[in-house]
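Asks: Chains as they are written, first to last, in the working numbering: chain B, 4 to 409; chain P, 4 to 409.
In short, the hints are calculated from the structure, not lab data. Any given hint could turn out to be false.
For identical chains, the list gives no copy identity; a pair is met inside one copy or between any two copies.
Said to hold, decoys possible - Here are the simulated lysine-lysine pairs, DSS-like style, with alpha carbons at most 25 Å apart:
hint	residue 1	residue 2
1	321	34
2	321	33
3	174	217
4	147	11
5	133	34
6	175	11
7	174	11
8	174	253
9	321	275
10	133	33
11	355	321
12	11	133
13	383	174
14	175	37
There are 2 protein chains.
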Amino acid sequence: MTEAGAYKNILGGVTAPRGFSASGVPAGLKKDSKPDLALIYSEAPASAAGVYTTNLVKAAPLELTRQRVAAGTARAVIVNAGNANACTGERGLPDAVEMARAVASSLGIAEEEVLVASTGVIGVPLPVEKITAAVPQAVASLNKENHALASRAIMTTDLVPKEFAVQVHIKKSVVTIGGMAKGSGMIHPNMATMLCFITTDAAIGSEALQTALKRAVDRSFNMITVDGDTSTNDMVVVLANGQAGNPEIKLDSEDYRFFYEGLLEVCTALAKMIARDGEGATRLIEVNVTGAPSRQDANLAARSVVGSNLFKAAVFGKDANWGRILCALGYSGAVFDPARADIFIGDVQVAKDGGAVEFDEERATEMLSQDPVIIFVDLKSGAYSATAWGCDLTYDYVRINGSYRT
Amino acid sequence: MTEAGAYKNILGGVTAPRGFSASGVPAGLKKDSKPDLALIYSEAPASAAGVYTTNLVKAAPLELTRQRVAAGTARAVIVNAGNANACTGERGLPDAVEMARAVASSLGIAEEEVLVASTGVIGVPLPVEKITAAVPQAVASLNKENHALASRAIMTTDLVPKEFAVQVHIKKSVVTIGGMAKGSGMIHPNMATMLCFITTDAAIGSEALQTALKRAVDRSFNMITVDGDTSTNDMVVVLANGQAGNPEIKLDSEDYRFFYEGLLEVCTALAKMIARDGEGATRLIEVNVTGAPSRQDANLAARSVVGSNLFKAAVFGKDANWGRILCALGYSGAVFDPARADIFIGDVQVAKDGGAVEFDEERATEMLSQDPVIIFVDLKSGAYSATAWGCDLTYDYVRINGSYRT
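Okay, chain B solo, but in the shape it has when bound (with noise of 0.2 Å):
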């Protein structure tokens, strides 16, 4: 018999759990015929729970989103790429709800139960009418087998799709979670800086979702920064159908901090794809503080390193120069003693107390060559630590931005 609290990886995204199917169909809203259009369907009603962008500026889908999730339950989430319908206007909030009326319609759910996403060009009239039209061949290949295709339908600059899924055992039961995402560009540790949806069939209440959400997307998404640039459209949004049978998942209990454990395991993953696919990267970075005087200042520390363009074009270049990571370190916020800090490239201790040590600099060329590239910091000035995601800041980058909307 399997411990409670054991967990497993395994194959598949957003249709692992039991009770969901999934599709991605072309609307003809990317340039080539792409699937530009995902579904996500949840055979019963689901309680609902989202996490979305701290940008004063927030697309109209995600505004439907955000007040239908805070209701409680849905059933349906339609996301489309290729443009934001974010800065739309007065035109913006009608085109998402017609999106998600269509859905409706052709599901035969109430259009209150239909969840809306975009990404893509901000400022462009969404073509709504193309995706209304595509929306029945979208219900119509709805199955367990097309969360591969769903994935591949929200990408936009993303050079590989997300998927991610685990099983958790919790006392009584099985319970599957699975996502996607999409990210590239624009993310950065301001809340959901990006879109991900995640399933699951355990029986859990909106409000015990949301806690184990909130929690779970503080220590991934927010830890994750590809540009600094916080997007309009941002979210993740979790749909938990029961068709597990599990006895209702209670806030503090044994089986919560399981089911929240699962949780952060495929946050944690898909944050890591996100990272690891920013614009133009060649590595993942993975920053890890210990020794903060608080979690706050741990996190300050590992997201300045991180998101540092010096350090992240010194990564590109392979060249150990922690003078940028200390320089990070200080201008993060964080509270530490620089006279203290240690700073580790892979196990290669780069300074220690503050200062410069001998160091064997074939040995740190060959691990700012590996993929993830992990540094160490220890600040020695507390008990707390975070790690933090990034990616190297490359030519492509500058490639891809530069030429984004043309």
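With chain B held as given, fit chain P onto it using these hints.
Replies: Just chain P now, with coordinates in the frame of chain B:
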């Protein structure tokens, strides 16, 4: 007779004011034999004021200079490029003291009258013996003409030397203010964000001088950004030696306001030169924000746009992607109503009330090809304005910073 308050730009730099001389000599810290040691000298004791980096990690010379400026007077500034004497452990401060002592001894002044600054690589002990060996030559070559050599000696990855000077008519005299600066990389709005040395022959007490400098720095150097990193060594220092013979300028007098305007002119000109010369930059970007509910909101908004990697890369690519401007405003922390914001690229309105307007793409591309690129944002949410400066993000930024140390 010229009206009080009038000022004019003049040629020259730190030796333009009466009673100042300068030199720039090679001490062997840079790999070639270019000048890397600059000296500024005032015949008479001068009031001193300074503004320093907010980075928690502070270089030893900065700590020494801060102490000495706090005492209120100084007569010389010695600056080396090629080594920052930062994160150099217990050796850092004695090395900075020794640099100053060599200058004091050679000039026959008190060592406490010598300020010290360093710029270059972090974490490598300062080769102080090379510097002290070159000090006699630096002293021997002090004269009025060598301001240009001094401004070259403090360059690191800067492509051009940066000098500026103005003459200000105050009530009964003409005072001159001159300055030199180095920037490039690590330029960010968080206090003195590079090295800048300003001289003036005005008679003004150190308290009034400090007040004027702080205010001028907030509106110039603190409004530029190249890559968001704040260095360990940044400082702006001003020396006022009273050789103009004017009655001492008192805080809040009319003369004080005239002097402040001249000082701001010097600071702004040097700050823009630094932004224009950001690593790899091809064009200066100026972002004007108006209609903000407070000066702080205006500052946040302007700096956020000019600091956005996505927007900077779009300028490089001449892509009129106004959505990135609105997005950067949205996450700036400034309070405003996104549904009211108007955005102009040069003379082309690209967004109105937070949404798209029809515009001439060709004309917008033309505006994005100019130097400087001028962005104008009206938040229509209040009466405050601010201007920030930065540069585009280019392939060369990545190339330079991928291989700075090696």
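Asks: Could you work out which of the previously given hints the structure breaks and list their numbers from low to high?
Replies: The structure breaks hints 12, 13 and 14; every other hint is satisfied.
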